[in-house]
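There are 4 protein chains.
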Amino acid sequence: MGITAAVAGASGYAGGELLRLLLQHPQIEIGALTAGSNAGTRLAEHQPHLLPLADRVLGPTTAEQLQGHDLVFLALPHGTSAKIAAELPADTVVIDCGADHRLSSAEAWQEFYGGEHAGTWAYGLPELPHPGGERQRETLRGARRIAVPGCYPTASSLALAPGFAAGLLQPDDVVVVAASGTSGAGKAAKTNMIGSEVMGSMSPYGVGGVHRHTPEIEQNLGLAAQEAVRVSFTPTLAPMSRGILATCTAKLKPGVSAEAVREAWVSTYADEAFVHVLPEGRWPRTADTLGANTALIQVAVDERVGRVIVVSAIDNLAKGTAGGAIQSANLALDLPETLGLPLVGVAP
Amino acid sequence: MGITAAVAGASGYAGGELLRLLLQHPQIEIGALTAGSNAGTRLAEHQPHLLPLADRVLGPTTAEQLQGHDLVFLALPHGTSAKIAAELPADTVVIDCGADHRLSSAEAWQEFYGGEHAGTWAYGLPELPHPGGERQRETLRGARRIAVPGCYPTASSLALAPGFAAGLLQPDDVVVVAASGTSGAGKAAKTNMIGSEVMGSMSPYGVGGVHRHTPEIEQNLGLAAQEAVRVSFTPTLAPMSRGILATCTAKLKPGVSAEAVREAWVSTYADEAFVHVLPEGRWPRTADTLGANTALIQVAVDERVGRVIVVSAIDNLAKGTAGGAIQSANLALDLPETLGLPLVGVAP
Amino acid sequence: MGITAAVAGASGYAGGELLRLLLQHPQIEIGALTAGSNAGTRLAEHQPHLLPLADRVLGPTTAEQLQGHDLVFLALPHGTSAKIAAELPADTVVIDCGADHRLSSAEAWQEFYGGEHAGTWAYGLPELPHPGGERQRETLRGARRIAVPGCYPTASSLALAPGFAAGLLQPDDVVVVAASGTSGAGKAAKTNMIGSEVMGSMSPYGVGGVHRHTPEIEQNLGLAAQEAVRVSFTPTLAPMSRGILATCTAKLKPGVSAEAVREAWVSTYADEAFVHVLPEGRWPRTADTLGANTALIQVAVDERVGRVIVVSAIDNLAKGTAGGAIQSANLALDLPETLGLPLVGVAP
Amino acid sequence: MGITAAVAGASGYAGGELLRLLLQHPQIEIGALTAGSNAGTRLAEHQPHLLPLADRVLGPTTAEQLQGHDLVFLALPHGTSAKIAAELPADTVVIDCGADHRLSSAEAWQEFYGGEHAGTWAYGLPELPHPGGERQRETLRGARRIAVPGCYPTASSLALAPGFAAGLLQPDDVVVVAASGTSGAGKAAKTNMIGSEVMGSMSPYGVGGVHRHTPEIEQNLGLAAQEAVRVSFTPTLAPMSRGILATCTAKLKPGVSAEAVREAWVSTYADEAFVHVLPEGRWPRTADTLGANTALIQVAVDERVGRVIVVSAIDNLAKGTAGGAIQSANLALDLPETLGLPLVGVAP
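Protein chains in written order, with the UniProt record's numbering: chain H, 1 to 348; chain C, 1 to 348; chain U, 1 to 348; chain V, 1 to 348.
Each hint should be verified, as a subset may be incorrect.
In silico DSSO-like pairs for lysine-lysine, Cα to Cα no more than 27 Å straight-line [stated by the list, open to error]:
#1 V/K83 to H/K190
#2 H/K190 to V/K253
#3 U/K253 to V/K187
#4 U/K83 to U/K187
#5 H/K253 to C/K83
#6 V/K253 to H/K187
#7 C/K187 to U/K253
#8 V/K253 to V/K83
#9 C/K187 to U/K187
#10 C/K253 to C/K83
#11 H/K187 to H/K83
#12 C/K190 to U/K83
#13 V/K187 to H/K187
#14 C/K190 to U/K253
Quick list of the computed label-pair ranges, beta carbon to beta carbon [unchecked claim]:
#15 C/N192 to V/Q27: 28 to 34 Å
#16 C/R141 to V/S267: 27 to 33 Å
#17 H/H78 to V/G40: 29 to 35 Å
#18 U/E259 to V/G119: 56 to 62 Å
#19 H/G79 to V/N192: 25 to 31 Å
#20 V/G119 to H/G79: 52 to 58 Å
To give a feel for the contact side, a few chain U residues facing chain V, derived at Cβ under 7 Å [to be verified]:
#21 A63
#22 Q67
#23 F112
#24 A238
#25 V305
Since the hints were made in silico from the structure, they are not lab data. For each residue, glycine too, the CB sits at the ideal point set by N, CA and C.
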């Protein structure tokens with residue numbers, strides 16, 4: 001075909017999922033695979049499920065390795081992608097699955113991540129509604145530098161943005177509690193992440209202070225609302241490999257009816273291929289999104305307390321990372337947005 | 001010696017956990033075991049782990065079977081315990097693990113459960129702080145009819161009550177999102193509860209309208225606060241058999257400091273055997289409470305949004321049902337409150 | 001284009017997996033969907049992950065509904081497919097995912113299943129080696145009635161057949177112990193299969209006497225060996241939704257070397273797309289086959305006891321049922337055998 | 001009471017389970033706690049469930065720390081306990097949870113573990129039948145150095161020993177396939193053991209060559225049989241924290257009836273408190289042993305192939321390690337053998 005893609009960080013979970021999905025993509029050919037400390041080893045040692053690439057040897061993550069591709073996916077530790085990207089040609093499509101270029105505010109970056117802000121790239125959440133009816137996807141067509149959203153922000157922003165874009169929600173009382181599968185914590189070997197510790201257990205995840213994904217959620221919802229939105233966000237860890245279930249709630253503005261709420265959510269996503277507002281009475285399960293680039297959403301109004309309850313389910317590695325990345329790549333390359341991306345999860 | 005206990009509903013999960021714990025109790029002897037449709041069968045068919053009781057045959061759940069015991073535990077479907085209890089002697093200690101007698105408001109009962117309210121019994125959450133410094137346990141000493149709290153209300157009320165009792169929290173903006181293991185849904189065979197459906201998946205649980213545990217949480221927090229408290233409560237189902245992780249958040253009243261928050265929680269439970277506020281920086285995991293009558297709690301302040309975040313972990317069948325029931329029975333019978341109840345969970 | 005497929009039993013697990021895979025198949029169009037007691041309901045109630053088919057209404061499972069398709073998949077309870085198939089045109093490709101037509105011996109059928117034997121159809125395990133170097137796939141090209149193997153026999157037969165076909169193994173001392181995910185037990189709501197019972201637990205599965213899959217395994221290995229093979233087979237239930245790990249062991253004939261063993265397994269599957277003998281030192285994990293039509297195999301010799309140990313991993317619903325069914329359908333319809341079938345599992 | 005116990009290796013899984021059980025023991029007081037690299041830290045960092053010991057600081061694992069106790073439990077890496085034990089007084093009861101002193105054959109030690117054999121201690125499997133009707137427990141009364149069996153050997157030896165002791169089984173064709181929860185692999189942080197890798201997956205465990213537990217199983221069965229027994233043993237890893245399900249099969253000697261088999265197993269364990277042969281038709285589940293010092297066993301004859309199939313379930317950390325250790329300690333100290341040990345598992 002001629003579209004070639006390199007994947008930096010191919011031995012990790014985001015890298016593995018990128019490769020799994022790219023192997024199904026009809027127009028993208030997999031090029032160089034690179035890694036950090038795993039450079040020099042065969043892919044099969046790290047990704048035994050990727051049988052067609054088993055014998056590929058991982059190169060070092062350098063601009064030299066990544067050059068010469070139309071598309072470069074960076075699945076690297078935070079703080080490392082800016083330097084690599086700067087050495088790549090300006091017309092290469094570079095898709096960063098890390099956090100470095102997601103935030104538009106340098107102050108927020110410094111507060112939550114520390115160090116110098118690497119700059120802001122086009123934000124890869126195509127379905128995000130802008131006020132006035134446009135979508136985030138318009139900013140992605142033809143883009144050459146794209147920041148893939150975090151997995152929690154994907155689930156939370158898709159859940160709540162319709163209400164903010166429609167002006168139905170109060171901006172100062174938003175609570176998100178999200179449960180994530182363990183793959184969201186990456187592949188590093190830590191005692192608190194071994195199977196014996198996480199199976200059969202729920203626990204808060206990284207609650208020591210405010211989670212880094214909070215400003216990203218606030219940025220997205222603020223864009224939809226056209227005013228500052230404040231979010232209380234608590235992530236938890238669930239005993240499963242994949243999946244995010246985000247339970248999101250916000251106060252309704254006075255006089256907003258349940259019908260107006262339903263209409264806002266349904267109409268926002270009526271034409272979206274990957275974001276589905278379920279029929280009334282059915283609630284999303286993460287299992288139904290496993291391996292798919294799909295978000296399932298349900299919304300209800302609790303009139304007793306005057307709040308919307310929105311629950312969204314995604315696969316954190318698919319729609320939450322690698323699937324979203326390829327969806328944005330499709331837009332950047334002027335391919336059909338849905339090309340090569342699965343809609344149907346592997347259930348049960 | 002000589003204290004005998006009957007268990008009605010011995011083939012279900014609450015009944016099984018009551019028996020597991022009673023087998024460890026040094027002062028209570030297990031008497032009659034009864035069941036509904038399982039009457040006439042051996043206990044081993046339903047509770048294969050209860051080896052010492054394997055050959056006990058379940059009787060029918062009738063007052064006749066339950067009579068002649070000092071203590072009767074009812075682990076029955078909602079709406080059935082009042083009639084049985086009415087036929088038992090007034091000086092028998094009757095502990096209802098069901099919902100029938102938890103709510104003090106007949107209106108709330110009718111709204112959430114329907115049918116006639118069976119009346120209110122002493123509410124079996126000993127640690128619940130009352131304003132003025134007393135605890136709920138005072139109402140349980142010598143009581144002869146006790147309603148065991150629901151598992152979600154146990155986790156949520158213990159988490160938030162210290163802040164309300166100390167006057168630190170606003171009563172109108174409380175959000176609780178709780179994840180429960182599947183045993184909370186009971187032992188009935190339903191397609192949506194089979195292992196293939198629940199393993200590897202998170203989903204909302206019973207969100208069709210407001211969950212029945214909501215008024216019970218509001219009742220408890222309202223008692224602590226001495227004013228009406230409104231709660232947005234969303235339960236979710238996690239892929240594990242046991243455990244509840246409740247993430248609870250409420251708005252701080254103006255000017256409340258993080259120190260005042262910590263002091264309120266720590267001092268409330270400083271003398272409690274089963275409720276532990278963890279040292280700063282450590283967060284509760286449900287696995288650490290498995291099989292134990294223990295609640296683990298951590299509290300933090302998110303100053304950006306002016307909220308407390310409180311996370312509590314319990315075993316829904318132990319502290320959340322059967323352990324709580326026995327703790328109340330100990331109080332009713334003037335035994336040491338902690339007698340026979342495990343504090344240490346089975347981890348990992 | 002123009003190939004249409006009906007699926008009978010669309011609300012169950014085998015039916016759901018058939019539809020998930022058929023939605024990815026470039027040449028087969030999904031036609032009628034039927035069910036038993038679920039007839040008249042929408043597919044979304046049973047298969048919420050199959051978003052593109054959500055609004056399809058299930059018809060009754062009758063020949064009338066299934067007629068007019070090129071291809072009919074039967075995912076029905078045992079004992080019911082023969083009657084339906086007899087009413088379908090002889091040139092319709094009928095693929096039975098049930099057990100009715102797998103066994104060639106009427107005596108074995110009566111011993112293990114009871115009732116009259118419905119007859120033997122072409123057996124849909126294309127990779128099964130025959131003595132002389134042919135494969136089972138030759139019998140499937142152009143076939144019009146095909147019996148899909150059981151999931152345990154698929155895993156076990158692929159594991160051991162190379163050794164029998166090469167004459168390396170003794171036929172009278174074969175032991176297979178296989179662990180299966182719970183979806184292998186189907187979607188029926190039974191108390192012993194609810195999540196609370198199966199999570200965190202391993203147990204034998206259906207050990208009351210000899211499992212029905214035993215004669216099928218013996219039939220396959222006997223075909224490869226060209227002599228009667230006797231198998232001790234014990235299935236167990238593992239706390240996961242999908243996956244079979246079969247640990248298979250047999251006595252080596254005198255003088256067989258480890259090299260000869262390795263050569264037999266590697267050469268048998270060297271040209272197979274879906275069956276992979278892993279490099280030495282790497283062992284199969286079921287997770288690496290999730291959702292894929294793939295079998296992973298490793299073989300080793302324990303010289304102390306003179307046995308081979310072969311471990312195979314498949315997804316019981318994919319290669320073990322629906323994937324195998326579509327692979328056979330491809331052969332029957334003269335399509336490329338691998339068309340539309342995923343090779344890469346969804347891991348982690 | 002005056003019996004004090006030190007635990008070396010208190011931050012690991014075996015150490016944690018020892019402490020959990022010792023906290024329930026009415027006659028043993030917990031003394032020094034030591035660790036390797038975790039020395040100097042508080043126990044709560046490693047064992048958050050052990051609330052009563054949360055503030056205990058771990059000392060270094062030295063003879064100095066361990067001296068002055070009646071009882072010393074060693075839960076240390078293989079190869080390290082002999083040196084420590086040699087420095088402890090001869091009349092201290094030293095219980096080694098590691099492998100160093102389990103094997104009676106120095107040759108077997110060198111073949112499977114390498115290095116010099118540290119010597120053989122009394123083997124702590126009290127229920128193991130000896131020919132002639134004695135039990136292993138006779139060797140443990142008053143013992144001062146005891147080697148705790150491996151978890152797989154405990155499950156496998158209890159399962160098969162009755163048949164060998166009764167002379168019913170052929171010694172040269174024994175196959176054991178056992179599935180273990182991940183805690184059996186210890187608490188070390190390895191990438192292949194993190195939750196994302198093990199949840200939802202079964203895999204062989206350490207099959208690179210013959211597993212080290214094989215000679216130990218052969219030693220036990222050989223003792224029961226009074227002749228050399230050869231075992232093919234394959235361990236697998238199941239997606240659960242705790243539990244071993246061992247599926248064990250052996251050829252019957254000619255003419256042995258199913259009745260003789262049942263009689264051998266039932267009579268062997270009729271008087272045992274912790275080993276239960278289940279009634280016919282009921283099979284063991286690991287969940288029913290969770291946290292308990294219990295082994296559940298079922299035996300059946302497959303007459304088609306002339307084999308017994310024995311399935312046993314234990315908790316690898318309880319009966320398989322720490323519970324077995326305390327049971328032996330009770331014997332060594334002349335306490336009631338069952339003292340302080342739970343019989344009832346935490347199910348569901």
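Here's how the hints hold up against the structure:
1. About 30 Å separates the Cα atoms of V/K83 and H/K190, which puts this hinted pair outside 27 Å; it is violated.
2. Of the pairs offered as hints, the one joining H/K190 and V/K253 is violated, with about 50 Å between alpha carbons and a cut-off of 27 Å exceeded.
3. Restraint check for U/K253 and V/K187: not satisfied, since their Cα atoms lie roughly 41 Å apart, outside the 27 Å limit.
4. With a C-alpha separation of about 23 Å, the suggested pair U/K83 and U/K187 falls inside the 27 Å cut-off, and the hint holds.
5. Between H/K253 and C/K83 the CA atoms are separated by roughly 46 Å; this puts the pair beyond 27 Å, and the hint is violated.
6. Between V/K253 and H/K187 the CA atoms are separated by roughly 51 Å; this puts the pair beyond 27 Å, and the hint is violated.
7. A distance of roughly 51 Å separates the Cα atoms of C/K187 and U/K253; the hinted pair therefore is violated under the 27 Å criterion.
8. About 45 Å separates the Cα atoms of V/K253 and V/K83, which puts this hinted pair outside 27 Å; it is violated.
9. This hinted pair checks out: C/K187 and U/K187 have alpha carbons roughly 16 Å apart, not beyond 27 Å.
10. Simply put, C/K253 and C/K83 have alpha-carbon atoms about 45 Å apart, too far for the 27 Å limit, and the pair is violated.
11. Only pairs whose Cα atoms come within 27 Å are accepted, and H/K187 paired with H/K83 is accepted, the gap being roughly 23 Å.
12. This hinted pair does not check out: C/K190 and U/K83 have alpha carbons roughly 30 Å apart, beyond 27 Å.
13. In summary, the hint linking V/K187 to H/K187 is supported, as the alpha carbons are separated by about 16 Å, within the 27 Å threshold.
14. Distance hint between C/K190 and U/K253 is unfulfilled; the C-alpha atoms sit about 50 Å from each other, more than 27 Å.
15. Under the hint 28 to 34 Å, the C-beta atoms of C/N192 and V/Q27, about 48 Å apart, miss the expected range.
16. The supplied range of 27 to 33 Å is broken by C/R141 and V/S267, whose beta-carbon atoms lie about 51 Å from each other.
17. Restraint check, H/H78 to V/G40: a C-beta distance of roughly 31 Å satisfies the suggested window 29 to 35 Å.
18. Restraint check, U/E259 to V/G119: a C-beta distance of roughly 39 Å breaks the suggested window 56 to 62 Å.
19. For H/G79 and V/N192, the Cβ-Cβ distance of about 27 Å falls inside the hinted range of 25 to 31 Å, so the restraint holds.
20. Under the hint 52 to 58 Å, the C-beta atoms of V/G119 and H/G79, about 54 Å apart, fit the expected range.
21. Because the beta carbon of U/A63 sits about 38 Å from the nearest beta carbon in chain V, more than 7 Å, this interface hint is broken.
22. For the restraint placing U/Q67 at the interface with chain V, the shortest Cβ-Cβ distance is roughly 40 Å, beyond the 7 Å limit, so the hint is violated.
23. Using the Cβ-Cβ criterion of 7 Å, the hint placing U/F112 at the interface with chain V is not satisfied: the shortest such distance is roughly 11 Å.
24. Hint status for U/A238: holds, given a least beta-carbon distance of 5 Å to chain V, under 7 Å.
25. For U/V305, the shortest C-beta to C-beta distance to chain V is roughly 5 Å, which falls under 7 Å, so the interface hint holds.
The earlier numbered hints that this structure contradicts are 1, 2, 3, 5, 6, 7, 8, 10, 12, 14, 15, 16, 18, 21, 22 and 23.
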